[in-house]
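Here is what each chain is made of, one letter per residue.
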Amino acid sequence: MSSPGHGPESDFEFYCFLKANLPKGYEIIAEPQTSYYSEWKFCYQVYFENQLIKSYAGDFRQIAPGSLVHAAEELLKEYGVRRDNRK
Amino acid sequence: MIIGSKLPPDRVERTYFSSGRAAFSFLVGEVVKPRKVYLPAFTCWSLVSALERRFPKIVIEFYPVGRNLECRYPAHVAQDELLVFIHYFGFENTTPRPTIEGTLLEDWSHSYLSQITPTGDYVFGSYRKIVKVADGGFINHYFNPIYEPSKKLDTWLRFESRDWRDVREAENMIDREWHLADISSQSLAILLRSNDDLVRQKRRANEAFLLAELKVGTPLLRYRAKECPLLHNRLFDSTQARDSLRAFLASKGVFTSIHWPTHAAVKRADCDIEDVLWLEAHILSIPVSHDYGLNDMEYVVQCVDSWSRAAS
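The listed protein sequences correspond, in order, to chains A and B.
Oh and the first sequence: position 21 is 20 in numbering that gives the first Met the number 0, straight run, nothing missing.
Oh and the second sequence: position 260 is 259 in numbering that gives the first Met the number 0, straight run, nothing missing.
Think of the hints as simulated: they come from the structure by calculation, not from any bench.
Note that the structure is a prediction, hence the values are computed from the model and not measured.
The beta-carbon is built from N, C-alpha and C at its ideal position, and this holds for glycine as well.
Heads up, a few of these hints could be off.
Unchecked claim - Simulated crosslink set (DSS-like; lysine-lysine; CA at most 30 Å straight-line):
1) B:Lys201 - B:Lys128
2) B:Lys32 - B:Lys56
3) B:Lys201 - B:Lys225
4) B:Lys32 - B:Lys266
5) A:Lys40 - B:Lys128
6) B:Lys266 - B:Lys56
7) B:Lys128 - B:Lys266
8) A:Lys53 - B:Lys150
9) B:Lys32 - A:Lys40
10) B:Lys128 - B:Lys251
11) A:Lys53 - A:Lys40
12) A:Lys23 - B:Lys266
13) B:Lys131 - B:Lys251
14) B:Lys214 - A:Lys40
15) B:Lys32 - A:Lys76
16) A:Lys76 - A:Lys23
17) B:Lys150 - B:Lys32
18) B:Lys266 - B:Lys35
19) B:Lys225 - A:Lys40
20) B:Lys150 - A:Lys40
21) B:Lys32 - B:Lys128
22) B:Lys131 - B:Lys225
23) A:Lys40 - B:Lys251
24) B:Lys56 - B:Lys131
25) B:Lys225 - B:Lys128
26) B:Lys128 - B:Lys214
27) B:Lys201 - B:Lys214
As the list claims (entries may be wrong) - For the chain A half of the interface with chain B, some residues (derived, Cβ under 8 Å), not all of them:
28) Cys15
29) Lys18
30) Pro31
31) Tyr35
32) Trp39
33) Glu77
Please model the complete structure; the sequences and the hints are all you need to start from.
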């Protein structure tokens, strides 16, 4: 299996990419809907030391293409740097 | 050359895929290439969406299915047409098949551990519904597919999962986007070491316990000795009672499901779906997985009894 750590190539990869790459102390959790036909809805929450710091929710069919790819890269850049500063 | 060391590989009468829908799509797109596909109106939506997304030019026609799961197959299936039937929930589908000119496809996703003699031209299915694998589908036939590239992130996520949310998210991922890919090595290893007899025995014991002990609703059908239950399905007089019990069980940590919410394409079709809609409104599917023992089934029965006492 390819590693999800090579960068998200589509908005669909947002969750796995961050799950694989967020620095220690950070965690991303999916809160999916359980009903049938809800596959396009997403809700992802980013925690730092168990505190909710960011939330992403919406419908994949309605977001601007690439917006989650960009958000994932920005998030990792921001928190990756913050992580390094803490060392 | 008569004797040598570089020989062509063996071939077996089974081809693996990443999912049942990938196996189905391979048969439709690469093997049968039909002009028209007949699907049961009582169906898992993944077959419908696989056709709609991958084969928008293929005509889909639905045929009626009764409350007792009896199928009313089309009278005529032409040479360039495909008829799909499902062995529901582990039961053997015993509705006599029509004599057809086209191709007959048999879905074993619910029933591959039931001892069924195939009658279709091809058998396909998904493994995820019975065995705890992260991915997997099959065709009971030798093929040599050129698989599509895939990161298989839904598979990756299932193996990373620690609770139901990531498993659910992975389901959503495969529903959004999937490829005609190969099975993962982990899932294949799990399948090849699975003790099918034990799985069958435990599922049968769990289902038999619920059948004997549940005092509300009525069983959809009774399993025969050779069949391996997927679930214990019960029918309730009213949707209100069914939904009330379902919510109560969820509050006690017991997840149940409904098979199936009727796909929009089925509702749009010119087909008698009265019984399918009735099933959707009255059925409750209770897990009987081999991961659980009779103590778990006893807990389910206790919860149902509590609900029943509170409701009366």
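Next on the checklist: So, against the hints stated earlier in the document, which numbers end up violated here?
Outcome noted: 9, 12, 14, 15, 19, 24, 33
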